[in-house]
Structures are given as C-alpha cells and as structure tokens.
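Using the hints provided, position chain B relative to the given structure of chain A.
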Amino acid sequence: MEELLAVHADVLYRYALRMVRDRQQAEDLTQETLLRGWRQRAKLREPAAARVWLLRIATNIYRDGLRVAKPTATLAFEPACDCVGVEGRLEQRETVDAVVAALDELPARQRQVMHLITIEQLSHDDAAAVLEISVEALKASLSLARRTMRERLKPIYDEVRGARTE
Amino acid sequence: MDQTNQNACDLLDAFLDGELNAAEMASFEAHLLQCADCRESVTQQRWIDGALRADEVATQTASSTLLTVTAEAITNVRRKQRLRRMLAGSLAAAASVALLAAWQLREPPLAPGSAGGSVTAPIDIAQRNATPRQSRGLEDEPSASSKIAATFTAGGSGIAIPVASDSPDVTIVQFYPTTEADRRLQRQRELEAKYRELIGG
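Which chain is which? The protein sequence lines are A and B, in order. Under numbering that gives the first Met the number 0, the first residue of the first sequence is numbered 0, with each subsequent residue one higher. Under numbering that gives the first Met the number 0, the first residue of the second sequence is numbered 0, with each subsequent residue one higher.
Next up, chain A with everything else stripped away, as it sits in the complex:
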C-alpha cells in the first residue's frame, strides 16, 4: 500500500498545489491525503482506481477545511534548465507563468476541473468521480473555465503570436 501511495504522491501534490496555491500547505494536504488513504486502505478494492480514489480524498479534505486564503503572490515555477538566457526558453517560461496565473485565478471548481482534465488528463468520468459531480456539470465547468482563460490570456496570446509571425 505504501508503494501505491508513493506512486501517486506527485499527482496529489500537483492537485493540492492547484487547490491551495501554496507549496507548504500543498505538502500538508498531500500528506494528510496519503495518511487518510493508508488508514482507509481497506476501502480500496481495485488498485487501478487508486489515483481517482486518492484525488477524491484530497478533494474532500480540501473541501472540509484545509481551504486556505488566496496567496498574495502567484506561484512561480522553477525552470526545467538553467538556460534562462535563451530567448525561446524565457518566452516559454513567461507563457507558462501567465497561463498558470490565469488558471489560478479561476474559481475553485473550474480550477480543479481544468487541472484534472488538462494537466492530469483524466477522463471526464474519472474527473467527475473525483469531484463527485455529474459529467454534465463537469463539462459545463470545463467549458466555462476554458472560455474564461481564453479571454484573459487573449492579449498575451496575440503578443506571442505576433512575435512569432514577425
């Protein structure tokens, strides 16, 4: 069971980070999720369903009280390499930061849906199971989240596209 938990620790951490938007609190939420998952391990009948099951536990813990105030600073991502001086890489990092910032400004439910579908690439059924909502409600949230992000990121998108065509 411990190995199973370890396999999903990073997925849980990324999801927690998206929900609480603070690294320390995301680690706390991840740890609490792993502990609760270990305690309730008898309830997990199908190991293949562990990811959805653990994500649902994380959702419930977040909903039940680990909700935290919106952080004042937007999360910055560590560069994957130290090639910040390379123009293309810098541009990509700025793009990623801007897109993630737009994601983090979405309401909690839309943020969760976008994260599960786009970043973790869960199916609609699995994401709906994690959030304990209907697939129709999930699709509605996803559509709204996408539209909002497109609107907010339009200036940056136009700028990046313009820079590319020059």
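There could be a bad hint or two in this list.
Interface residues of chain B toward chain A, partial, derived using beta-carbon atoms under 10 Å [as the list claims (entries may be wrong)]:
(1) Leu31
(2) Leu51
(3) Ala53
(4) Val56
(5) Thr58
(6) Thr60
(7) Asp168
(8) Arg195
Here chain B is said to cover these stretches of chain A; the calculated rule only asks that three of the stretch's residues, wherever they fall, bring their Cβ under 8 Å from a Cβ of chain B [stated by the list, open to error]:
(9) 3-13
(10) 40-48
(11) 130-143
Note that these hints are calculated values from the structure, not bench results. Using N, Cα and C, we set each Cβ at its ideal position, and we do this for glycine too.
Frame of chain A, contents of chain B only:
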C-alpha cells in the same frame, strides 16, 4: 451568426476533447473553415493546454522529504494501533480473570467427600416414583438413612443423597450441585469401592 453556425460552435469543447464521432468531426472541420472565431478559439485553447502540460507544470514533484515524513507518520500510526491492540488484549485477559474469579466465588459449595469446598444447606428434592436410573439403589431401604446416605447417586448437575422418609412411596433426597470435576471424582471413588468389594478388601 445564424442558428446553424451557433450549434456548430457549441461543439467546440467536444471537438477539443475528441468526443465527436466521424460524421460530427467532418462537419465541425467544415465549420472551422468558415468560422474564424472557432478557428481562433481552437488555436488559442491548444496553446493554453500546451502551456499547462509543459514540464514545469505537469511534472512538478513534491519535495523529497514529503514521502519520508509521511512514512514516519504511517509508522507512528502503526505503532499506536499495535499498542492499542495490545492494551485491548490485556484488558480482555484481565476481564476474563476477573470474571473467572467472580464465577468461582459464586460457585455453589461442593458435596461432602467431593474435591474441596465446604458444605452449606443442601437443596431438598422429593423424588416421587423415582426411576431406577435416577435413584439406583435408593428405594431398597428408604428408612435407613445412615445406610442410604452412604450410597451416592450422581445426577445431571449434582449429587442426591437420600434422607429418611416416612412414606415408602416417596424418597426424599438432599441435592448438592456439583461440577464436572466433582462427578468424575465421585465416579472414581465408586469404582474404587466396587474394586475393594470384589477383592474382599
């Protein structure tokens, strides 16, 4: 934008999620050639999704200490659970001992001649027309209480000792509740008595 175009635009998310069947897909692709808004939305959404799936976001990992700390927490929980189980086991054992002691304290006194114990007032039982199995050898001389008292009869849960009775039809016995150990001892003594009788001892 006419109604037909609007209906086609509504399929944008299904298109992005790859949920359209072949016919719908062909239809939406034809729509894309005509609808600049949808074309723009598809391109921009793919740009957004690409950024969200970039390594910096999609492969972000928890700190290396997280799993260590979690493993320690699990070990602590395990230790507490083990202690709780041990404590529960000890309490159960103590409760069993206490129950056993209480049961022994309220155990009725043993019959005279049986293993240990003192005798208090026996229970009087009148056996009317007793069957031979239940009162073997008791009806022979009902008035000779001293003789009868020497002949014990083991019942289901005690020893019945006949006492004197005025009526030949009624045998009065004094009943001493016994334990299985008492009955085994009684049986052994009866067998020893028979053996001595046989060898003339």
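(message) So, against the hints stated earlier in the document, which numbers end up violated here?
(response) 1, 7, 8, 10
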